[in-house]
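Participant: One-letter residues, chain by chain:
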Amino acid sequence: MSIDWVTVAAQIGNFLILVWLLKRFLYRPILDGIDAREAEITARMGEAQRIGDAAEAEKAAFAKRLAVLESERSDVLDTGRAEAQDLREKMIRETRAQLAAEREVFARDRKAQAERYATALEKSGAEALLALTRRALMELADETFEERLVIHAGRQIDASRQELLEAASVAKEIVVTTRDSLSDALRSTLTDQIAERLPGVALRFASDPAQSPGLVLRIGGVRVGWTVDTYVEELAAMVEDQITEKSHKKAVNDVR
Amino acid sequence: MDLTPDSIIVFTVGGVRVNATIVYTWLVMAVLTGGAWLMTRNLRPDVPPNRWRTLLEVIVQAIEGQIAEIAEGPARHVLYFSGTLFLFILTSNVLSVVPGFRAPTGSLSTTAGLALAVLVAVPIFGIGSRGLTGYLRTYVQPSWIMLPFNIIGEISRGLSLAIRLYGNIMSGAVIAAILLGVAPLFFPVLMSMLSLLTGVIQAYIFAVLATVYIASATADPTRTATKGEKSS
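The listed protein sequences correspond, in order, to chains P and V. Numbering of the first sequence is given in numbering that gives the first Met the number 0, commencing with residue 0 and proceeding in unit increments. Numbering of the second sequence is given in numbering that gives the first Met the number 0, commencing with residue 0 and proceeding in unit increments.
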């Protein structure tokens with residue numbers, strides 16, 4: 000067991016050279032690679048952290064924006080509901096007004112139609128009454144309607160004589176109006192009756208096709224008439240009274 | 000039988016006799032350097048690590064981790080020194096199972112050279128870390144009386160490093176050679192395996208002791224005191 004100092008020196012030198020060689024070809028490349036990878040990982044972690052922070056910020060901003068949109072949506076919905084409600088009420092009002100107007104028009108039309116119908120009915124009733132009266136007078140009394148009318152006029156003048164006299168003092172003329180012209184005999188008869196009851200008053204005969212069959216006597220503002228319409232109106236009033244009475248009785252029975 | 004490869008002269012250059020120890024050392028150096036170059040020649044940060052690079056990274060990081068456990072502070076320079084010691088001794092001892100190969104660590108000249116290298120490296124690292132005055136002050140700690148003992152301790156631990164490694168490796172090789180003569184098959188194989196294990200352990204012990212010496216020379220005394228107070 001001996002030490003060769005030359006070999007010792009050589010081995011020290013070899014070792015130092017080996018240290019340099021391994022540092023050059025082993026440690027440096029490996030450690031540099033590890034350092035580079037660690038740096039890359041650190042950079043990636045930093046980038047990931049940065050992206051994560053940005054994502055968090057974006058998330059928070061999105062949540063804030065979503066909350067605002069939610070609030071705006073609620074407001075818009077409320078406004079829309081209110082507008083829809085207003086529109087609905089407006090349309091209901093307009094429809095009701097339109098309906099009321101149509102009802103009014105319909106009622107007016109119905110009333111006019113009823114009036115026309117009543118007029119037509121009265122007219123036809125009057126014609127029928129006149130025809131029946133003529134026939135009855137002719138068959139039972141051998142008289143015409145106009146002869147009976149003139150006789151009846153004389154009695155009626157007696158009933159309203161005072162009023163007619165007062166009117167005659169102002170007007171000085173009596174106008175007798177019939178639908179058809181009276182015959183000369185009837186005119187003469189009537190002239191005699193009036194002259195007897197209302198002396199000094201001029202008499203004038205006139206005819207009006209639109210007038211109801213009968214006789215109308217006018218002195219100034221006083222009008223005295225005996226037309227079929229008068230009777231028809233009385234007949235209608237009687238019929239209406241009968242209908243009203245029957246309806247009343249029916250309603251009372253229904254209630255009971 | 001030659002106990003040491005120093006006595007085997009391989010060739011002479013200009014009157015200088017190059018023995019087997021040096022030649023085998025060069026062989027180990029070539030293996031280490033060539034292997035490292037082959038594995039790291041295509042090493043680029045943008046290329047994913049292959050299995051060889053991963054193996055080297057595992058080895059280097061394991062050595063660095065061991066050093067970091069022993070020494071405090073930056074350990075790159077210690078890694079270059081102690082890591083090379085470990086890899087050189089380990090490779091030399093492992094290659095000793097190759098027939099015809101004589102481990103350079105079986106030469107007392109080699110182990111003495113490595114121990115001298117450690118003896119020189121310790122004050123260099125110590126001065127580099129503490130400064131010349133700070134390092135020299137460690138020899139008179141805790142008092143001037145300890146100066147000769149510290150110097151003797153410094154030399155003796157170098158000697159023990161050299162003798163321990165030499166004795167283990169040389170004895171393993173000698174025992175294997177003797178057993179080869181007595182029982183040619185079974186026992187030499189067993190002893191070779193044992194010497195392989197011993198060689199790995201000795202490489203670890205040599206490198207760890209060298210690191211401990213360097214660490215003790217570079218340790219910050221204030222931090223050491225603080226750690227001692229905390230542990231107590």
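Just so you know, these hints were derived from the structure itself, not from any lab. Positions of the beta carbon are idealized from the N, C-alpha and C atoms, including for glycine. Keep in mind that the hints are not guaranteed to be accurate.
What the hints assert, rightly or not - The calculated DMTMM-like cross-link candidates involving lysine to aspartate or glutamate, where the alpha carbons are at most 20 Å apart (straight line), are: (1) P/LYS63 / P/GLU46; (2) P/LYS22 / V/GLU153; (3) P/LYS22 / V/GLU63; (4) P/LYS171 / P/ASP191; (5) P/LYS110 / P/ASP34; (6) P/LYS22 / P/ASP34.
Said to hold, decoys possible - Which chain P residues face chain V? A few, computed with CB under 7 Å, are given here: (7) ASN13; (8) LEU17; (9) PHE24.
Participant: It remains to establish, for every hint, whether it holds in the given structure.
Facilitator: Tested hints:
{"no.": "1", "hint": "P/LYS63 / P/GLU46", "verdict": "25 Å, violated"}
{"no.": "2", "hint": "P/LYS22 / V/GLU153", "verdict": "27 Å, violated"}
{"no.": "3", "hint": "P/LYS22 / V/GLU63", "verdict": "13 Å, holds"}
{"no.": "4", "hint": "P/LYS171 / P/ASP191", "verdict": "17 Å, holds"}
{"no.": "5", "hint": "P/LYS110 / P/ASP34", "verdict": "109 Å, violated"}
{"no.": "6", "hint": "P/LYS22 / P/ASP34", "verdict": "15 Å, holds"}
{"no.": "7", "hint": "ASN13", "verdict": "5 Å, holds"}
{"no.": "8", "hint": "LEU17", "verdict": "5 Å, holds"}
{"no.": "9", "hint": "PHE24", "verdict": "4 Å, holds"}
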